[in-house]
Structure formats: C-alpha cells, structure tokens
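*Asks:* Letter by letter, the chains look like this.
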Amino acid sequence: MIIATNITKQFGKLKALDNVSTSCKEGECIALIGPNGCGKTTLIKSILGMVVPDSGVITFRGKDIKNQWEYRDEIGYMPQIGRYPDNMTIGQVLDMIKNIRNKKTALDEDLIESFLLREILDKRMKTLSGGTRQKVSAALAFLFNPAVLILDEPTAGLDPLASEILKEKIIKEKGKLILITSHILSELDDVVTRIIYMQDGKLLFNKSIEDLKQDTGEVKLAKAIAQVMKI
Amino acid sequence: MKKIIKFVITDILRNRTMMVYTLFLLASSFSVFSLEDSNSKGLLSLLNIILIVVPLVSIVFSSIYVYNSAEFIELLVSQPLKRKSIWLSIFGGLAASLSIAFFIGAGIPVLIYQANMIGLTMIVVGIMLSIIFVAIAMLAAVKTSDKAKGIGAVIMLWLYFSLMFDGLVLFLLFQFADYPIEKPMIGISALNPIDLSRIMILLQLDISAMMGYTGAIFKDFFGTFTGISFSIIVLLLWIALPVWYSTHKFNTKDL
Chain A
3 MIIATNITKQ
13 FGKLKALDNV
23 STSCKEGECI
33 ALIGPNGCGK
43 TTLIKSILGM
53 VVPDSGVITF
63 RGKDIKNQWE
73 YRDEIGYMPQ
83 IGRYPDNMTI
93 GQVLDMIKNI
103 RNKKTALDED
113 LIESFLLREI
123 LDKRMKTLSG
133 GTRQKVSAAL
143 AFLFNPAVLI
153 LDEPTAGLDP
163 LASEILKEKI
173 IKEKGKLILI
183 TSHILSELDD
193 VVTRIIYMQD
203 GKLLFNKSIE
213 DLKQDTGEVK
223 LAKAIAQVMK
233 I
Chain B
1475 MKKIIKFVIT
1485 DILRNRTMMV
1495 YTLFLLASSF
1505 SVFSLEDSNS
1515 KGLLSLLNII
1525 LIVVPLVSIV
1535 FSSIYVYNSA
1545 EFIELLVSQP
1555 LKRKSIWLSI
1565 FGGLAASLSI
1575 AFFIGAGIPV
1585 LIYQANMIGL
1595 TMIVVGIMLS
1605 IIFVAIAMLA
1615 AVKTSDKAKG
1625 IGAVIMLWLY
1635 FSLMFDGLVL
1645 FLLFQFADYP
1655 IEKPMIGISA
1665 LNPIDLSRIM
1675 ILLQLDISAM
1685 MGYTGAIFKD
1695 FFGTFTGISF
1705 SIIVLLLWIA
1715 LPVWYSTHKF
1725 NTKDL
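From first to last, the protein sequence lines are chains A and B.
3 is the number of the first residue of the first sequence in this note's numbering; add one for each residue after it.
1475 is the number of the first residue of the second sequence in this note's numbering; add one for each residue after it.
Bear in mind the hints are in silico, worked out from the structure with no lab data behind them.
Just so we're clear, the structure is a prediction, and the values are computed from it rather than from any experiment.
It cannot be assumed that every hint is accurate.
Unchecked claim - Straight-line distance between alpha carbons at most 16 Å, and here's what the computed EDC-like set of lysine to aspartate or glutamate pairs gives:
id	chain 1	residue 1	chain 2	residue 2
1	B	Lys1556	A	Glu76
2	B	Lys1727	A	Asp56
3	A	Lys68	B	Asp1728
4	B	Lys1556	A	Asp75
5	A	Lys176	A	Asp191
6	B	Lys1558	A	Glu72
7	A	Lys176	A	Asp110
8	A	Lys17	B	Asp1728
9	B	Lys1480	A	Asp97
10	A	Lys128	B	Glu1545
11	B	Lys1477	A	Asp97
12	A	Lys232	A	Asp217
13	A	Lys171	A	Asp110
14	B	Lys1723	A	Asp56
15	B	Lys1556	A	Glu72
So that you can see chain A by itself, here it is in the shape it has in the complex (with noise of 0.2 Å):
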C-alpha cells in the first residue's frame, strides 16, 4: 500500500534518512523502532508530505505522493507533539478538521467518549496539559476512520488509563494499515505483525515478528528487541 524507494532525506549536516527503502502493506501492523534521533518520525513525515525527501519515491497505493494531497484523506496521523492554535478550543479543533475533511461517513467518535473529551470541549488548547493533548491528537486520527493509521509515540504522555484505553482502540483497529514508533512494545505483543529497526537514517532490519522471535529465542517482544538492541 505504501511503497518507499531509496528514501534520502539530509537537515544541514545531519542524514536523517539514509537510502531508506520499505513497503507496507494493508493489515500490517508495522512497529518503527530505533533509538533517539534515528529517523522515524522524519520517514513518517515524509509520508505525510510534511517533509520532503531530497531523493526518493514514496508512493500510496501506486501513485507518487509527491505534490499530491488526496491520499492524505486515507491517514490518520497521531504526532509526537500535537501542536495547535493555542487560541481555539477543543471543540473548535475538532470541528474544523470535520470541516476540512468533510466526510460523509459516520464518524468514530470512540476516543471522543473514552477520554471523555466531551466535558472540556470548550477549553482552549493553550491552557490543556501534554497528555490532553495526546489525547486530542489520539481522537483526531481515529475520528474518520482512516484506511492506515500513523501513530508517532502515541502512548508518550499519557497516564496508565488513557494509554490502556488507547492500546485497547489500536488493537480493535486491527486489519488497517497500523504504523506505529514507540519504545514501550511489550504490551503490543499481540497486534505488531513486523518490526522495522532504525539506526543514523538508515534501515537495519525489517523482519516479521515469528522471525525475529525465532532468530532471538525470546518469546516476549521486548525482550527479542532488547536483544538486537545489545549487537
């Protein structure tokens, strides 16, 4: 479904995607993993279009992205840190991007109700904490039931309720497209079909979870990663 080929991305000095080259297909759910500073959300915003790759074709369901903006009504995207216009208020928020998209079909409001968002939709997003942040951003990539989910840190900042709440949404989203980063993987054991492991832009391996187990001998997840994290 998304299809990165040679994928090269510099900021100054600094390669922050090295020949990168993946395809993603739907029904996977792909874990994107690497330490700090290693490339992942600069390969995720490439896919959004909100970076633009020096050289390289990205494509979404074979056609090149490059200047095209129509395959974005397919992604729901999460960002690390949701940043909006500290003005507005959550309904606000949440009623403009309605607007924008203007989607026809129901919309799933799922998150809305669980965070109970609903209680402090007039409060205005300069005033909100990180997690409630999160927790807006989280609603948002659910809300239009997108085809492929992009989550970057979705569980970074939240308290144990909500991140339970939202690792209970990913896992009933099973079947899309899922990409995820995040560094706690031990309790998406069950949903992640394939890890991709970054390191200094470039992709060190990309292997299915069966394999990865197999090649580790560790049956936890975390513990298999932890493994290849040590050679």
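We have chain A; now place chain B onto it with these hints.
*Replies:* Just chain B, lined up with the frame of chain A:
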C-alpha cells in the same frame, strides 16, 4: 480553501491589534482633514502618514501572524489539503483583513472629504500597499524559520523601502547630476512600491509643479494613461512575484 480564508479572517478580526490599527487610521485621517484648511492639503498630510504606517503595520503584523500560526499550518498540512491552497488562503485572509482595516480607517474619511479621482487613487494605492507588504512579509517568513530573525528581517525591509531607498536615490541623483538621468529615474522608482505610490498620488496633486525638471518628466510619463497603467502593473507585480515565490518555497518546506 474558502473555509481556511474564512477561519483566518475571523481569527484576525478578533485580534485587538487590528482594532487599534483601524482606530489609529480613523483618528489620524479625521484629525488631518479637520486641521488643514484645504482638503487637498489634508490629503497630502494623510498620504505621508499612510506611506509610513500602512507598510509597517502590514509587514510586521503579517509576519508575526504567520509565525504564530506555525502550529495551525502544521496541523493543516497533515490533512488532505493542497499546500498551495493552505498558503494562498493565509495570504488571502491576511490581505483581505488588512485591506478592510485600511478601507474603514482611511478609505471612508477620504471618501467623505475628497470623493474625487485623487481620493480614489489614494484608496486603491493604500489597499495595494497593504497587500504588497503582506506578500513580502510572507516571503520573509517562509525563508527564515527563526521568528526573531524573521521579524528583524521584515523591519529591515520596511526601513529599506521607506528610508534607505530614498537615500540611495538621492545619492545617485547627486553623483550623476551632470547626466540626463531623469528617464532612468522612472525605471528606478519602479523598484520601490512606496515611492511609486507616492509619485502616483503627488502627480495628481498640483504640487508636482514644484518638483522642477524631474517633476516635469515624471508628469509627462506618469500623468498619461500608459504611465498610470505602468504603475498599476508594477504594483501588481510587486504582489504577484513575492506570492508566487513564497508559494513555491512553501511547497517544498519541511515542517
């Protein structure tokens, strides 16, 4: 696109700076017209205020607005929207609200006291200047991602257009006083929208007679239909080129 323009305009009109700007323009235009004994003299004083204040407010306000909307822009870019329409909507919203503020603040008093060709030219020129400096501010904002640097650059640009350019022109005039440089001066005036606007209005007032030989050459050119269309086209280019270039830059900007 319409939705974003509407959002930007309502957001700006709620802004207190815009109210203060409009009220300031209203107060200065009414006081200028009631202080001077003849309306055309009032217009001249108002012209000087407008040529300083309108570019300054337009360029500083727009650049700060663009920097403060960084989050908003980032949010929009991750949505199914064309980057071009996001950028042009912000430009449209800014241009529309600054033009409305100028029209209410200076346009209406001018129409009350001087509803003739000169008054109308002045309103058109003022609105054009507002839009030109929105375009320049957006170009500066897309080129520099650092807010403090960007606002500094924008203030330098304003200084250049309203003060330094005149100094350079005077310098050139003195250096080449022995040569017939009156005609090239017409071309040079096109390099500064503020100067061009000033010439356009001054030449319609009688005082152009006091500007000597250069004034006569200018009147010969800018007083004609070709001259006026030339100035309008140049002013439109001052809007189109920065907007085109900044849209192009924004299309490949990393957010």
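*Asks:* Now tell me, hint by hint, if it's right for this structure.
*Replies:* Now the hints, each set against the structure:
In summary, the hint linking B:Lys1556 to A:Glu76 is supported, as the alpha carbons are separated by about 15 Å, within the 16 Å threshold. This hinted pair checks out: B:Lys1727 and A:Asp56 have alpha carbons roughly 11 Å apart, not beyond 16 Å. Pair hint A:Lys68 plus B:Asp1728 holds up; C-alpha atoms about 13 Å apart against a cutoff of 16 Å. In summary, the hint linking B:Lys1556 to A:Asp75 is supported, as the alpha carbons are separated by about 11 Å, within the 16 Å threshold.
A threshold of 16 Å between alpha carbons decides the hint, and for A:Lys176 with A:Asp191 the separation of about 13 Å falls inside it, so the pair holds. This hinted pair checks out: B:Lys1558 and A:Glu72 have alpha carbons roughly 13 Å apart, not beyond 16 Å. Proposed proximity of A:Lys176 and A:Asp110 is supported: the alpha carbons are some 15 Å apart, at most 16 Å. Note on A:Lys17 and B:Asp1728: the hinted pairing holds, with a Cα-Cα distance of about 14 Å set against a maximum of 16 Å.
Distance restraint check for B:Lys1480 and A:Asp97: the Cα-Cα separation of roughly 14 Å lies within the 16 Å cut-off, and the hinted pair is therefore satisfied. At roughly 12 Å between alpha-carbon atoms, A:Lys128 and B:Glu1545 fall within 16 Å of each other, so this suggested pair holds. Straight-line distance between C-alpha atoms of B:Lys1477 and A:Asp97 comes to about 12 Å, which keeps the hinted pair within the 16 Å bound. The hinted pair formed by A:Lys232 and A:Asp217 meets the criterion: a straight-line CA distance of about 14 Å does not exceed 16 Å.
About 11 Å separates the Cα atoms of A:Lys171 and A:Asp110, which keeps this hinted pair within 16 Å; it holds. Between the alpha carbons of B:Lys1723 and A:Asp56 the distance comes to roughly 15 Å, so the proposed pair stays at or under 16 Å and holds. The hinted pair formed by B:Lys1556 and A:Glu72 meets the criterion: a straight-line CA distance of about 8 Å does not exceed 16 Å.
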